[in-house]
Amino acid sequence: MRHSKRISAGLIVTAWSAFGGLWRSCSSSGDGEIDELKLVLNWFPKAQHGGVYASLEEDLFEENQIDLSVEPGGPQVSPIQIVAAGDAEFGLAHADQLVIAKNQGIDLVAIAATMQGSPQAFMFHDGVDIQDFEDLNGREVFVQPGITYWDFLKSEYNLSNVQELAYNGQNVTFIENKESVTQAFLTSEPFFLEREGVKTNTLLVSESGYDPYNVVLFVTKDYLEENEELVQRFVDTYLEGLDLYEENYEAINEKITDVNPNIALEELNYEADTQYDYVYGFDAAEHGTGYMSAEKWEELKNQLLDIDLLDEDFDVDYIFTTKFLSK
Amino acid sequence: MPLTEVEAVNPVRSTKSKSISGWTTFKDYYAGPIIAFILFLTLWQVIPILASIPHFILPKPTDVFQAAVSDWSILQAAIQVTVLESLIGFLLSAIIGISSSVLLASSKIIERSLYPYAIVLQSIPVVAVAPIVVIWFGAGFNSIVVISFLIGFFPVVSNTLMGLQSVDKQMDELFTLYRASRWQRMLRLRIPAAMPYMMAGLKVSCTLSIVGAIVGEYVAGIGGGNGGLGYAITVAAIQVKTPFLFACGIAAAVLGISFYLLVSLCARWMLGSWHESAMKVEK
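So the protein lines, in turn, are chains A and B.
Residues 1 to 327, numbered by the numbering used here, are exactly what the first sequence covers, in order.
Residues 1001 to 1283, numbered by the numbering used here, are exactly what the second sequence covers, in order.
Honestly, I wouldn't trust all of these hints.
To be verified - As a list, the in silico SDA-like pairs of lysine to any residue whose alpha-carbon atoms are at most 25 angstroms apart:
hint, chain 1, residue 1, chain 2, residue 2
1, A, 199, A, 140
2, A, 255, A, 270
3, B, 1108, B, 1049
4, A, 154, B, 1141
5, B, 1060, A, 86
6, A, 296, A, 105
7, A, 38, B, 1054
8, A, 154, B, 1138
9, A, 102, B, 1073
10, B, 1060, A, 199
11, A, 102, B, 1072
12, A, 154, B, 1060
13, A, 255, A, 63
14, A, 102, B, 1141
15, A, 221, B, 1050
16, A, 102, A, 305
17, A, 221, B, 1132
18, A, 323, A, 225
19, B, 1169, B, 1183
20, A, 154, B, 1074
21, A, 102, B, 1071
22, A, 199, B, 1137
23, A, 178, B, 1132
24, A, 178, B, 1137
25, A, 221, B, 1057
26, A, 38, B, 1137
27, A, 296, A, 235
28, A, 199, B, 1136
29, A, 178, B, 1224
30, A, 102, B, 1138
31, A, 154, B, 1076
32, A, 102, B, 1091
33, A, 102, B, 1054
34, A, 221, B, 1178
35, A, 38, B, 1044
36, A, 102, B, 1049
37, A, 296, A, 318
38, A, 102, B, 1066
Calculated from the structure, these hints are not laboratory results.
Make a model of the complete structure from these sequences and hints.
See the structure below:
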């Protein structure tokens, strides 16, 4: 059912994008034309997407002649496939997802990084003695099936004695089992549990040396080559939004709760606080928001090559560009 | 004169008709599906090429086959796990389903009080129940079996119950005439009468138990080679391995069909000698 839907959608999309591409190339040549664009988020709207909502709130996209529609992500939504199929022009995803997509011949290019590192972590009950990744042995660990960092950790550390269970977004089983460990985002889950009266500690995945850009803005290679000027306008607006969010995230967060009523304002504020360094600190403090470096992409690529998640080596210039980051 | 002619012609005809009948059964029963299958595969192979649909949206049959071959070890392990889980789930729904419908049928009061709740249980979508089951039974094997049982349970109950209640009236009166006890009536009359219905319920339930196991693996799967098809599907989706995703889906379908055929075979074996539904109808 899902498959058949995607197939018919894919057929329509290929036909439609062919027409759309023709139409757009005719229409966008004229000045003052508005470009209709779609952005797929990597998750339901949250503080990670504050930049987008800040730009929307301040009408920055309109000022730059962009009519943007935002499509929320979710556990079963793949921004990679949606953008690759031409269903949307822009998408947000983890950096490692772009590299893995290359295995399937999907050529995507990262054009800006929202987060300079990864706030992914393992969360465990307060008082449990976990200092290092090898201490996960002998425990139940809830981790999302197929998530890249877990493959990395398994190859770096001896985790043969871990009982690996599917992470499905709910933490009840984790709360019940005091010795268990679950994957978490430093910026949200510990806060949710604290509110439930459960004290936790975290071990950051980045301490293992695996620290890819957590959220990157990407387009397909073909789209980038044909629409450089438009991509530039989009990135400018996106980054301007991120900078606006820094100043008045509390007001923007209220707007986010309008589009995603399932997340509370205080949760968004906590997330915005804890993600601050990831977005505006680290390399971004010196080079500006959105910054990406070849070294970091190179490191990620090599790590994925080492653990056989990447089939063939390639030049990292192929997968990211800093051309649109003006600062 | 005409008699001898018939005698002379007949033996030739009978051997000929045997080979002809083999061909006609093939033509009537198997040729159609085989041609449809080949046509379907060809279209599936050709359309993505003509419409230049990339393989991560619609993989060709050859892509799917390649993915299944190259990741065979993962697929095989996943199938084994799913078979085990759905088999236990199915057996549970058969045993608990049949015995609870006998209980329900034994008294009108029990039936009236409990049957509505069986319907309520059935009308809750399994994906909504699954996370709750995981909370109660913990992530992993137990939860998956319970989810598989929950989804396969109701068809058995509703069908068996209907069978237990559709006893031939005259037979029923005969049993009354002989002053049969309640349990004699149940064992000798109602349960045999319910058999065809029971089998129909089990046929539905066996395919549903696989659906249940896969849904269970989605929410409560175990990693490290014990994941089952639901787990493999999640991994393939995250790593954009669409051809392997198809391979897993097809494996699940094949599993469902073989399970169904197996149960049908058992049903035919049990009903074959006496019930119309399983006897070969002569035209």
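Broken hints, by number | Violated hints (numbers, rising): 3, 10, 12, 14, 17, 26, 30, 32, 34 and 35; every other hint is consistent with the structure.
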